[in-house]
Amino acid sequence: MYETTYHRPASVDEAAALFAKGSDSKYLAGGHTLLPVMKQRLASPSDVIDLGKIKDLVGIEPSGAGIVIKAATTHYDVANSDAVKKAIPALAHLASLIGDPQVRYRGTIGGSIANNDPAADYPAAVLALGATIKTNKRSIAADEFFKGLFTTALADGEIITAVSFPVQAKAGYSKFPNPASRFALTGVFVAKTPAGDVRVAATGASQNGVMRVPAIEAALKANWSAGALDNVTVSTDGLLSDIHGSSAYRANLIKVMAQRAVTAAG
Amino acid sequence: MGVEGIGASVVRKEDRRFVTGRGRYVDDIKIVGLTHAHFVRSPHAHAKIKSIDIAAAKGMPGVVGVLTGQEIVDDKVGNLICGWAITSKDGTGMKMGAWPAMAPEIVRFAGQAVAVVIAETKNQARDAAEAVVVDYEELPVASDIRAAIKPGAPQLHPEAPGNVIYDWTIGEEAATDAAFKAAANVVSLDITNNRLVPNAMEPRAAIAEYNDAEEHFTLYTTSQNPHVARLVLSAFYNIAQEHKLRVVAPDVGGGFGSKIFIYPEEMVALWASKKVRRPVKWTGDRSEAFLTDAHGRDHLTKAEMAFDKDNKVTALRVKTYANLGAYMSLFSSSVPTYLYATLLSGQYNIPNIFAEVISVYTNTTPVDAYRGAGRPEASFVVERLMETAARQLKVDPAELRRKNFITTFPHQTPVIMAYDVGDFGASLDSAMKAIDYAGFPARKAKAKTEGKLRGIGISCYIEACGIAPSKAVGSLGAGVGLWESAEVRVNPVGTIEILTGSHSHGQGHETTFAQLVAGRLGIPISQVSIVHGDTDKVQFGMGTYGSRSAAVGMSAIFKAMEKVEAKAKKIAAHQLEASEADIVIENGEFKVTGTDKSIALPMVALAAYTAHNLPDGMEPGLKEGAFYDPTNFTFPAGAYICEIEVDSGTGKTSFVNFVAADDFGTLINPMIVEGQVHGGLAQGIGQALLEGAVYDSSGQLVTASFMDYTMPRADDLPSFKLSHTTTLCPGNPLGVKGCGEAGAIGASAAVINAITDAIGNNKLEMPASPDRVWHAIHG
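Chains as they are written, first to last, in this note's numbering: chain F, 1 to 266; chain A, 1001 to 1779.
None of these hints come from the bench; they were simulated from the model. It should be emphasised that the depicted structure is a prediction, and the values quoted were computed from it without experimental measurement. There may be inaccurate statements among the hints.
To be verified - A few chain F positions that, by computed beta-carbon distances, are all more than 10 angstroms from chain A: (1) G64; (2) P89; (3) L154; (4) T193.
To be verified - 20 angstroms max Cα-Cα, derived SDA-like pairs, lysine to any residue: (5) K1652/A <-> P1718/A; (6) K1452/A <-> A226/F; (7) K134/F <-> E144/F; (8) K1452/A <-> A264/F; (9) K1721/A <-> E1674/A; (10) K39/F <-> S1287/A; (11) K39/F <-> R1126/A; (12) K39/F <-> D1708/A; (13) K1652/A <-> L97/F; (14) K39/F <-> D1127/A; (15) K39/F <-> L1291/A; (16) K39/F <-> P1043/A; (17) K1563/A <-> M1618/A; (18) K1122/A <-> S44/F; (19) K39/F <-> Q1124/A; (20) K39/F <-> A1131/A; (21) K1448/A <-> G227/F; (22) K1763/A <-> I243/F; (23) K1652/A <-> R182/F; (24) K1122/A <-> E3/F; (25) K1652/A <-> I243/F; (26) K1275/A <-> Q1124/A; (27) K1652/A <-> A248/F.
Cβ coordinates follow ideal geometry from the N, Cα and C atoms, glycine included.
Whenever a hint applies, use it, and build me the whole structure from the sequences.
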């Protein structure tokens, strides 16, 4: 690791001000992406600004017909939150599948979606549930937030403060982990809105990061059942192909995981 | 006291320090004035070094020295050696290319060292290594066997035309061909034995200290065989004379074979410590371990088995290409030849065997012995063929095996090995009973109704351990003898130190070796200490690998104990005024049989050292040494059966059950044996389902971290059901055979046989990842 300057601001405003001051600043949340690349000397930020100790960024709050998870809330806290389990059990389930206990105790929802790793779990839930990402500057709809591999709508220095999830009529998540890294080789989150619309998001499968799956959405809108997908074919266009899975295998996993997510959603 | 002798599951003595974090590994050793080494490594798999500019690096803060490959050549440090000469079928010797410890001119695998920076701190060394500017001219790459042997392939070493190191055969070709011509049925398979990365928990490390006044070196290193390291470093590398080099292998966190070999890094550390006149330390990180620890396996094989009309095997024909990587590591040549093809008879009576092995250079990390070393590859060939044959011949796979088992011993195979003893039917019976083999069809049918594909797979393995009779291996090209030595020191107060040339890096010798001594004398194991891993303390030794420490290492202790006991009995008889023949040893006492007269061990020891009242002519002291050279290999064998279920939607394999019935001869400590089997099975299952080193066509290791290389984890594995059937090894005084590698040798074929049974497609390569299994099901 190269030398850097570590900051521990007490507020979001202070964090943003520190970020602006540094020549090449980086925010630190759970640290699972930034710290390894710094240790490998692949990143050398001038300033590391730790968001994890900002009290306003931690917590889970019911909000109207939904639930707000503040950005620095850990996966462990989401997985074990009674409020989340009650409102959106599929979201608590998803959080319980991320990494291992060590990862879940440190990793945060804000860090995960800001990084937008193509195999991260949270982006699938954010996109399928139609969540809203709140930042220190604005609110961004999920459909506008994820812009491709490790890319988001966040401006330089913008800080995610919370994610607001609406409660849908049905929601389910099914994940097939990469055997080595245990990231999602493919994970699918399905949601049915109270109005009867269906939103399906797949992570781990696409070259462009998390994606909606229109073919599956259409089939499930017509018939919300696992069996409704038996004859659906998911295109391999734009899907990842690597030593862990061909694009054909991932296309199959999107369907199979969607079926299992529907079954789990009830 | 007998409760701590042979056969007792005594809790491991060494675990107190290991589980409380007080082990002492190389990286823990503190030396005044220590400097730190960081290697500059090639990012290319094959390239010419046009120039190296070290000027900037030399001026960096804290830098003590920057040394290049050219300097190590200029200083006449020897090239790395290969310790086993293999002769090709045309009578020529193996075609070995030069391997300097750091590349002066050509790099042949990604990660090969070209220079080293020595600095006051680890970070300073790393900073300065980044300032070394190497100008490479990239050369075409042969990243696997197929690429290396095709016409016009890039040539790695001028010494080895076509990248072929040797083309070696064993067995009778004409007789085997004739048996195939006469066969009623022939079964054939193309087999890839996947390349593995050992990944011991502790990465390799070395600290070298040079004492100018004494012209003496000390090397602390992560070695399975410190005496062999000293021998090779002094005899071949021109760095230090043997009596001026102390090699210490302290606590070592796992080896699996990868720490047998002498690597460039410890050579460079030794050489550099004299150049910079400071102690030099190098501790590899995980990335370096992936790139530079010798890998394992990596074979491409075509295998055929011939049967007569009664389904008796009449012949086996095998052609194997073995990838040895970019350079020949210390024992690399022997692994795909004498440790592989000599086991191709498996547990079966096969009258004709012919095998050809062609070893080739590729632009990849060197390949050498890894847990099992050749025997897993052989066992996989034989057991995959047997299973395939049973399916093709439409007979029960257990019955086909049983029909062909060797049942009389000793049995001379057509490929050198003479099996001394075994009962293969008993192991198979035990395993079949444990898994309820008879009930499988009903379970499979039930699983089918639940939409699951269920399969069962058998693997009946045999291996050759207790490596090895020195004369035999010498006649086959080995450069060393493979005996072991021991010294038993009874201290004047009656406590005992055992000095052994074996080395424990996870095996539990401090407990098992003490059990042998404690059991013979009837004393607690707390009275016995094991001394190992230091060439200044231990007389000599060949180290630990090839499941040899019990069969060979403990046999040496046994011999030394016999000498000590004989002298102690003489002293006791003299003290007790009894006949030596009447003295028996019980519960730490020397007793006169049929009387109540006795003298305790400490009093005998004290008498030996005070020497006030010894028999006439007897030398004082109570200390004896012995060298033990085995008369044959030992042949652990067993039957593994696994039952699995495949999720046809995802291709994921789950274990329903895994049973192992092993014959290891005498068990010294059944708990430790169980642990060894568990670990071996994890690695065998890892090879079958999870692990595989993958290079891309440019020679970059794609699986260079745990993000992509799937190490087996606890939740990947079932709870194993173990059992033991026992035939005592007649070749050593303890009747032991060795248990360290069995799991890794036998497990992978059982798993692949089970999956291919479940999915009804026999074409499936390892690792049988969900992706591969899904494609095998769905095309």
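So, going through the hints one by one against the coordinates:
1. G64: holds, 38 angstroms
2. P89: About 23 angstroms separates P89/F from the closest Cβ of chain A, which puts it past 10 angstroms; holds.
3. L154: holds, 25 angstroms
4. T193: Holds: least Cβ distance 27 angstroms, greater than 10 angstroms.
5. K1652/A <-> P1718/A: holds, 14 angstroms
6. K1452/A <-> A226/F: Holds, at roughly 17 angstroms.
7. K134/F <-> E144/F: Roughly 12 angstroms separates the two Cα atoms, so the pair holds.
8. K1452/A <-> A264/F: holds, 19 angstroms
9. K1721/A <-> E1674/A: Holds - the C-alpha atoms of E1674/A and K1721/A are around 10 angstroms apart, at most 20 angstroms.
10. K39/F <-> S1287/A: Distance of about 12 angstroms is within 20 angstroms: holds.
11. K39/F <-> R1126/A: holds, 12 angstroms
12. K39/F <-> D1708/A: Status holds; Cα separation ~18 angstroms.
13. K1652/A <-> L97/F: Answer holds: K1652/A to L97/F is near 17 angstroms, not above 20 angstroms.
14. K39/F <-> D1127/A: holds, 13 angstroms
15. K39/F <-> L1291/A: Answer holds: K39/F to L1291/A is near 18 angstroms, not above 20 angstroms.
16. K39/F <-> P1043/A: holds, 18 angstroms
17. K1563/A <-> M1618/A: This hinted pair holds, its Cα atoms lying about 14 angstroms apart.
18. K1122/A <-> S44/F: Roughly 18 angstroms separates the two Cα atoms, so the pair holds.
19. K39/F <-> Q1124/A: The hint holds at about 14 angstroms.
20. K39/F <-> A1131/A: Distance ~18 angstroms between K39/F and A1131/A Cα, so the pair holds.
21. K1448/A <-> G227/F: Holds, because 19 angstroms separates the two Cα atoms, which is no more than 20 angstroms.
22. K1763/A <-> I243/F: Between K1763/A and I243/F the Cα gap is close to 18 angstroms, so the pair holds against 20 angstroms.
23. K1652/A <-> R182/F: holds, 14 angstroms
24. K1122/A <-> E3/F: holds, 14 angstroms
25. K1652/A <-> I243/F: holds, 15 angstroms
26. K1275/A <-> Q1124/A: Judged against 20 angstroms, a Cα distance of about 19 angstroms means the pair holds.
27. K1652/A <-> A248/F: Holds, at roughly 16 angstroms.
Checked against the numbered hints given earlier, the structure satisfies every one of them.
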